[in-house]
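Please take these sequences and the hints and turn them into a complete structure.
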Amino acid sequence: MSNTKLKKADIIFSSYSVAPYEILKLTMNKDKTEVINEILDSGLRGRGGAGFPTGLKWKFMASEQGEEKYIICNADEGEPGTFKDRKLLVEVPRKVISGMAIAAWTTNSKLGIIYLRAEYNYLIPALKKEIEVFDEYAEKFGLDFKVEIFSGAGAYVCGEETALIESMEGKRGEPRNKPPFPINSGYLGKPTLVNNVETFASVSMVCRYGSEKYKSYGTDDQHGSKLFSLSGDSPKEGVHELELGMKISDFVEEFGDGDTKAVQIGGVAGFCIPRKDFDKTIIGEGNTTGGATMIFNSTRSMYNVLHNYLEFFAEESCGQCTPCRVGTQQLLKGIEAVKAGDKPESYLDDLVKLSKTMKITSKCGLGQSVTNSFASIVKNYKEEMLY
Amino acid sequence: MADVAKIIETKVEQYGKDRKALIPILQGIVAEKNYVAKCDMVEIARCLDISAADVYGTASFYSFIEDTEKGKYVIRVCRSITCEMKGKNKILKALEKELRIKLGETTHDKKFSLLETNCLGLCDVGPAMLVNNEPYTQLTPEMIPVIIREHRIKEN
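Residue numbers (the numbering used here), protein chains in the order written: chain Y, 1 to 387; chain S, 1 to 156.
Just so you know, not all the hints are guaranteed correct.
[As the list claims (entries may be wrong)] Covered by chain Y, per the in silico footprint, the following chain S stretches (three or more residues, Cβ under 8 Å):
#1 62-68
#2 75-82
#3 111-120
#4 135-147
[Stated by the list, open to error] Think about it this way: if two alpha-carbon atoms lie no more than 30 Å apart in a straight line, the pair counts; the simulated DSSO-like pairs of lysine-lysine are:
#5 S:K6 / Y:K146
#6 Y:K87 / S:K90
#7 Y:K190 / S:K17
#8 Y:K382 / S:K90
[To be verified] On the chain Y side, residues computed to face chain S include the following (Cβ under 8 Å):
#9 G78
#10 A118
#11 S151
#12 A153
#13 M168
#14 K178
#15 N184
#16 S229
#17 G232
#18 E237
#19 G238
#20 R300
#21 N308
#22 Y347
In short, the hints are calculated from the structure, not lab data. We put the CB at the ideal spot given by N, CA and C, even for glycine.
See the structure below:
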């Protein structure tokens, strides 16, 4: 039975334990397999958006042999409308590093790298300070694990884990074919565990509260709490920690400005939900869980919104595969032509078809997800595309 | 003047003399000179023993690695949807007026370059921009002359 009421949570931003890295210390007293099973039991899924079960990823990583294994914290949140990782790194970096250290300990890895997007370079000094604190405690606990920061250079696609790894290896951030998955062959061809900032922070909270308690939050399908980056036409912009599984109508009632026309969930790569579907849609069930949520009120032109999205995609497409490189440009040109009256209304249907082809044929999530917002906006706001 | 050879040497020491040192080297040069000149790319290629085309291909992929000369202060205004909704264009106009350049240009004294960029992750406090690495949030057109003057005065 899913509970779909909006419920606030206070897990991830709860205050630190009194002694620094106490959770790490307590966790290290347990059995490694037991800890991985605990995370598996908690039902925690990757918080970057794709939602792969974290415990399972760790289990695969733990079974990889070899001396050189890497733990990467993906802090390249480039999705327009996402800023929760920034808040985590500013307010509770210790929980993030704890999560990385727990990952390192359970999977026998010795080097951790925080891939920090270039736009967040100003966070480096504070992060380095926290890493110094960590080093001190790691030595005390006898944990052989170092954390470094790798600064990104400004490319949205590098949030995709294989593109991120390419970038760390000094190449263009172009996604690789999968398989092999990074767990088997990642950074420098070695087993590499890539998790989102929020995932690592959530891991340390699972270890603090136990999987039973963690599981009591959220729905049957999606456990725990999730950070939502809320922006747009809302008097309550910012990061909100909520239990997963709430109706958009409840969300809008809490966070909207009373005149909400559409809600974009999962950033520009996610879906645009029109007012008529607010009651039907439950955040966290069958949709993406990256947490970027933008609210548009009735003064906004959805054509302008979509145009902005498409400019973004056309620029950030890495150019490696044709459907995405050409498709993003053609979608942008296409809606401009329809708006200008150079193409008939039926051309919009052709464009939707093109976006669906991109979903099937693109190599990575960037090209595959363009259709989400494109089709949902074109379908629900056709008049605005035309006039 | 920044010594490019010196930067390459330091980064190679830190990251090893192979491809994975490339982005840190490029970033190191950008930190000193705000852009990586073609001749510097050739030098990097020689040091890392890779082709200059590979260096250029990588450098040009990333929006924070410029390959044409930029000002001492690179201003990047966020153009993503929520910043646009909150008046990004007014901020851009105010910057163009104050700096007397158009978007994409650099001032004659080589002090400022004006660019747009994709989401800065400051959506809840938009409109936002970066001046080099420094974020400025909840901008209004009135704030722009003040911010620019602050940077003009620095090291004059």
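Results of checking the hints against the structure:
Using a Cβ-Cβ cut-off of 8 Å, 4 residues of the region 62-68 of chain S lie near chain Y, which meets the minimum of three, so the contact claim holds. Counting residues of the region 75-82 of chain S whose C-beta lies closer than 8 Å to any C-beta of chain Y gives 4; at least three are required, and the coverage claim holds. A count of 4 residues in the region 111-120 of chain S with a Cβ less than 8 Å from any Cβ of chain Y is obtained; the coverage claim is therefore met, three being the minimum. Under a criterion of three residues with beta carbons nearer than 8 Å to beta carbons of chain Y, the stated coverage of the region 135-147 of chain S fails, only 1 such residues being counted.
Restraint check for K6 (chain S) and K146 (chain Y): the C-alpha separation of about 27 Å stays at or below 30 Å, so the hint holds. About 27 Å separates the Cα atoms of K87 (chain Y) and K90 (chain S), which keeps this hinted pair within 30 Å; it holds. Between K190 (chain Y) and K17 (chain S), the direct Cα distance comes to roughly 19 Å. Compliance with the 30 Å bound is thereby established for this hinted pair. For the hint pairing K382 (chain Y) with K90 (chain S), the CA-to-CA distance comes to about 29 Å; that is within 30 Å, so the pair holds.
A cut of 8 Å between beta carbons decides the hint on G78 (chain Y): the least distance to chain S is about 6 Å, and the hint holds. The beta carbon of A118 (chain Y) is positioned within 8 Å of a beta carbon in chain S (closest approach about 4 Å), and the interface hint is therefore held. Of the supplied interface hints, the one on S151 (chain Y) holds, with its beta-carbon coming within about 6 Å of a beta-carbon of chain S, less than 8 Å. Evaluation of the A153 (chain Y) hint against chain S yields a held restraint, the C-beta minimum of about 4 Å falling below 8 Å.
For M168 (chain Y), the interface hint holds, the least distance from its beta-carbon to any beta-carbon of chain S being 7 Å, beneath 8 Å. Because the beta carbon of K178 (chain Y) sits about 21 Å from the nearest beta carbon in chain S, more than 8 Å, this interface hint is broken. A distance limit of 8 Å between C-beta atoms decides the matter here; for N184 (chain Y) the minimum to chain S is near 20 Å, and the interface restraint is violated. Here the hint on S229 (chain Y) is kept, as its CB sits about 7 Å from the closest CB of chain S, short of 8 Å.
Interface hint at G232 (chain Y): satisfied, since its Cβ lies 5 Å from the closest Cβ of chain S, which is below the 8 Å cut-off. Interface hint at E237 (chain Y): satisfied, since its Cβ lies 4 Å from the closest Cβ of chain S, which is below the 8 Å cut-off. Interface hint at G238 (chain Y): satisfied, since its Cβ lies 5 Å from the closest Cβ of chain S, which is below the 8 Å cut-off. Annotation: interface hint on R300 (chain Y) holds; nearest CB of chain S at approximately 7 Å, less than 8 Å.
About 5 Å separates the beta-carbon of N308 (chain Y) from the nearest beta-carbon of chain S, less than 8 Å, and the hint is met. Because the smallest distance between the Cβ of Y347 (chain Y) and any Cβ of chain S comes to about 24 Å, over 8 Å, the interface hint for this residue is violated.
Comparing the model with each earlier hint shows violations of hints 4, 14, 15 and 22; every other hint is respected.
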